[in-house]
Every structure is written in structure tokens, then in C-alpha cells.
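Engineer: Spelled out, the chains give:
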Amino acid sequence: MALAKSQIIERNSGLARHERVGGLADDPEIRREFRELTETVVGATGVGGPWFTAALLLSAGAMGIGAVSWWAQLNYGLEVTGLQHPMMWAMYISSFVWWVGVAHSGTMVSAILFLFRARFRPAFSRTAEAMTLIAIVTATAFPIIHLGRAWRFYWLLPYPNQRHLWPTFRSPLLLDVFAILTYLLVSVMFFWLGLVPDLAIMRDRAKGWARTLYGIASLGWQGKGNHWHHHHMAYGIIASLATPLVISVHTVVSWDFSLGITAGWHSTIFPPFFVLGAVFSGLAMVLTLMLPMRALLGLKRYITLEHLDWLARLILLMSLLLSFCYATEYFMIWYGRDQLEKVNLLNRMTTYGPLFWTMTLCNSVFPLSLFLPKLRRNVPFLFVLSLLVNLGMWLERFVVVAGSLARDYEPYAWAREGYHVMLVEWGIIVGSYGLFFFCFLLFVRYLPALPIAEYKRELLKEKREQHALEAAGLEREP
Amino acid sequence: MSVRRLDIEGVMGVFTSPDAIPRAVREAQEAYLSDLEIFLPIDDKASVEEAHPAPSAVRWFAAAGALFGAAAGMGLCVWASADYPLVTGGKPILSMPPFIVVAFELMVLFAAAGAVVGFLRCSQLPDLTPDSAWRQELAVDSPAVLIRLVPTEESQSLAEQVLREAGARQVRRVPKEERGVLEEVP
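If you read the protein sequences in the order shown, they are chains E and Y.
Here the working numbering is used: the first sequence runs in plain steps of one and ends on residue 478.
Here the working numbering is used: the second sequence runs in plain steps of one and ends on residue 186.
Don't read these hints as lab results, they were simulated from the structure.
Source: prediction; values computed, not measured.
There may be inaccurate statements among the hints.
Distance condition first, Cα-Cα at most 35 Å in a straight line; then the derived DSBU-like pairs of lysine-lysine [as the list claims (entries may be wrong)]:
1) E:K300 - Y:K176
2) E:K342 - Y:K91
3) Y:K176 - E:K207
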């Protein structure tokens, strides 16, 4: 009986794994590919030139605008913002939720794809993890900025004090502090652990102080058997921990809203709604970062159109799931017959109509184009779509946060004019993007943008499969 | 018969592909050359399992961290709430559902920290002094097997023969040498 192609691959892979006699043992092609990959990725780290300097200066300028705006807010108080009763959460908290969402996708996608042994993971896992770290630092700044008296942010932490005053552990806001700090620290560990073997390669090529820094960060890694043995276990454990962690963290963020009784917020659908939105926006941000990066760093050979296709499929899946959440939410409001919920939703659709319908287009309609295989491999189209999804997700956060507060239980306080974003708030938003892109450019400059060791393993797997097919007299599927 | 002792760290076989490593390890062990070290540019499970068949102890560090974190999280909530018994929202002072969230977060945090500590402890890192056998190519494209403790000419010849028969593209003696912290190695 003839074996299926997948069975032949499996059989031969099994032989290669346990017997390892012959097979790819003497294939010089593997060495060449390993060397080329290493040189390409390490070579990409020293990136410079006019475009890089311009991007760095632009980001630094945006950071400067943010710093001046924050200084103005600290100096004059929150009156320089558009925040007023009943809309006390608006631009800052929307941005916080959006940045946390972007942050959550990185580690989550990286960890889940690691656990499922996804072939296309190495192409964007490092970018996603770096994006996570930078986005979570950016996100953390927003609640502190929103406090107004930012120097008192430490009141959120349970620190010992003479008056035995402790924060209340029954508040979702405090749960948020624990969840986000845990996520930040676990993401740092996950990122660094994956980076250790690559840092050793960087160390071997660096000189002077850079060599010392890479050397310390790589811990003296030499790729010994026991290094890999324990590294594999530790990385797997952290990936397993990170997966439920990210779900829990964005669930906790959603509780900031859904545990309140405000119409538009008080909904049990918020946790999955927020988690899906987070993954959706994070994937879009990965695309936004990765598409210029692969072109400018010469990584097209390693971040292929096939990888982009897979990423686009994930974005499409998330868009469909998120749209289902929207539909469920609107249906429940209609079916539940709660008048205030209806008024609230109507207000979001009319007063905030331009934002609401743009959000719907960006999150639920435009991504449907990814059903077309050609568009999933069209780089300019993917880049534009990723920007639209980013915009749509930001608008969604804003419409949910600010739009819901505009119609609360006190009709006398309903904001007639709506909420106006002031110059200081725009400045701080611009500053947050500056901070994000500045840090990302530094990442690209000093750290390998692809996980070298992991990518090599995937190359080897591919070679083994190819070898198995050739041995069976079959051709590889295109 | 007098036996000439050699001042070398061992004999190293450098291979073309990681696929050759398990066989080399097995054949060295069958020849009673069991004190060996492998170097890999990638995380090749089959090679690592051949050289280190025992399961990694890192998981126990993670488990200990998880238990500690969960207990610490729950303990912190209960103690702080009892120490400052302020009723908010009509909820009980000791409200378990939100406390479980804090306990879960700290469980994950300490489990991950335990995994990192376990990794460092078990793999004996950090170790900033490169081994005598270490060369840059080992991290790039050259998996290798180092057979240690081959002090005599006879055992050295045996090690060389085993490595060659296993398909090593290069077999070399590794002299014993003291290297400095973060010393540059070709």
C-alpha cells in the first residue's frame, strides 16, 4: 500500500531522529545555510545610515513633545486636559488599554506558537517579544500620567507603612497592578531566555565594551549539551506559564471596566472581547513593524511571503472572532431591553458615529479582504491594512472607554458637547509613539531581529523533510 | 609497559550536521568514553537527549517557585486586608475571588523566576570563562563532541578513531589551557 506524503515524512523523520546514521549527517549545505543565516542576522544589527538616523531623530523629537506636554500637565494640573465629569477616563486610559493590548499579543503569540511548534514562529517571534516589552513600558506610563500627581503612583503598591494603610485587594485596579507588573517581568524573562544563545553569537563578534555587555548578558553561553538541555525546559515552562498569564492579564484589564456598573462597560463579554482585541491589534502591530524591517534590514529571505501569509490568516481569524463579539454585544443590548444600555449604544453610534463606524470598517470589514490569497501576500496592502487595524483598535478602545462614560446614570451630567482632546493630551500620545519607536529602533540596532538558533532548527527540519521526500522519490509541495 | 601521559583536555570531533551527533555520542559511550561534552549551534532535542538522558531538574525549581508565589500572594492579601479592615462595596474583608487573582499572578511570576534560577543553577551559568575547547564556529555551524579525560596515547587514539568513524569532518586534540574571563577566542 502506498504511503501518504505526510506518513513518509514522519517515518523518515523518526528514523533520522533515533538512528541518525547517514541522512543529513554529511550534508555540507546545512553548514552553509547556518553560516549565511548567522551572518545575515548579525550583519543586520549594525544598521545605520540616513534613514535610520532620521527615524531615530523623529522618534526622539516625538518623545520630546511628549515630555514637554507631560511637564505642562504636571505644572498646571489636569485642567489642561479635556477630562471633566462624567468623562474622567478618556484619551489616556484608552491609550493605556490599547498599548496593553499591543503588548499582550507579542508574548502570547510567541508562547502559543512555541507550544504548538508552529513552523512560521521564528520569523516574527523576536519582533513580537520586543514589541511586547516596549509596549508594556509605554502602557504603564499612561495610568501614572493619568493620576495627575504622578509622584504618588507608589500608593498603588502594597508597601509597609506606619499607619498600616494597605491598598484594597478587592479592587480590579490593584489586580491590574499585580497583573501588569507580573506580565512585564515574565515577558522580560521570556525574551531574555530566548535571546541568550544569540547574544553569545553577538558576543563572539563584538569588540570592547560591547563584547563585555553581550558577554555578561549571554552568561558565558557556549551551546553545551547541558546548556541546551536546561534551556529547553526553562523556556518551555515559561512559554506554558505565559499563555494563561496573558489571558489573565487582559481579563483583569477588562475588569477595570466590566466590574463597574456603567452602561456600556458592565458586560460579561468583556474579558474575551478584550483578549481577542489585544491579539488582533498586537498582530497588526507586528506586521506594521516587520514589513519595513524585513526590507530595510535585508531579511526578505528569512521573513518570507509565506510567513506573512500565515500572519495575515491569524489576523483574519482574530477579526472574525472580534466581529462575533461585537455582534453578540449589540444583540444582548437589544435583546436585554435595558434602556440605558440602548441609549448608550445609540450615543456611541451617533455622537461618536464617525469613530464608531470607522472602527467597524477597520476591524470587521477591511480584514475580510484577507480571504483573498493574493492580498495576503501583497506587502504594500498588508502594511496599509495593518495601519488601519491599529487605528480601528485604538478607536474601539476610545469609543468603549469615553463613549460609555458620556451617558452614565446621571442624565444631568451627560456631556452635551462631548469630550474634546486637548493639545497636551495629543502631545502625550505623540510622545508615547515616539518612545515606542525609539526603543524599537534601538532593539533593531543592537539585538538580533530573528532568533538565530531557533531559525536554524527550523531550517534543519525543513532539510530533513526535503531529504525524506527525495528518498521516497517525491517532490516537495509548492 | 610504560604509558605516556598527555597534557590535553580531550579530543574533539567537529561534525557537519547535528544529525551526526547522537551516533557519535552513542559510539563513544559504547567504547567506554563516557566523559564527553557536546556543543551545538541549535537546540537539537535528539542530540541533547542522547548526551543527557535524565530529565531536567529545572521543573522542580519552577514548581517550588509556583508554590511559594501562590502562598505569598494569598498570604499578602489576607494579612494586608486583616491589618487594615476597611469595608469597601459591602464586600467581606477576606474576599477570596479577588485574592485568588493576586495569588495566581504571583504564582506565575515566581514559577517563571524559579525556572530561570533552575536554568542557571543546573546549567552552571553564568560562567564567563570560555572552555579550552570553545571556538566561535561551534555556535554558528559546527556541532561537536568533546571526549574528555583521554590521558594516554592509547585512549586518545581510540577517541580519535571513534569520532572519525562517527563521521567527524575534523578531529583535533584540545590542549589544556587557562582562559581569562570573556577572553576573545577565534
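Engineer: Is the straight-line distance between the alpha-carbon of K342 of chain E and that of K91 of chain Y 35 Å or less?
Structural biologist: holds, 30 Å
Engineer: Checking one constraint from the list: CA of K300 of chain E to CA of K176 of chain Y, max 35 Å. Satisfied?
Structural biologist: Cα-Cα ~44 Å, so violated.
Engineer: What's the verdict on K176 of chain Y and K207 of chain E, does the C-alpha distance respect the 35 Å limit or exceed it?
Structural biologist: holds, 25 Å
The structure shown violates just one earlier hint, number 1.
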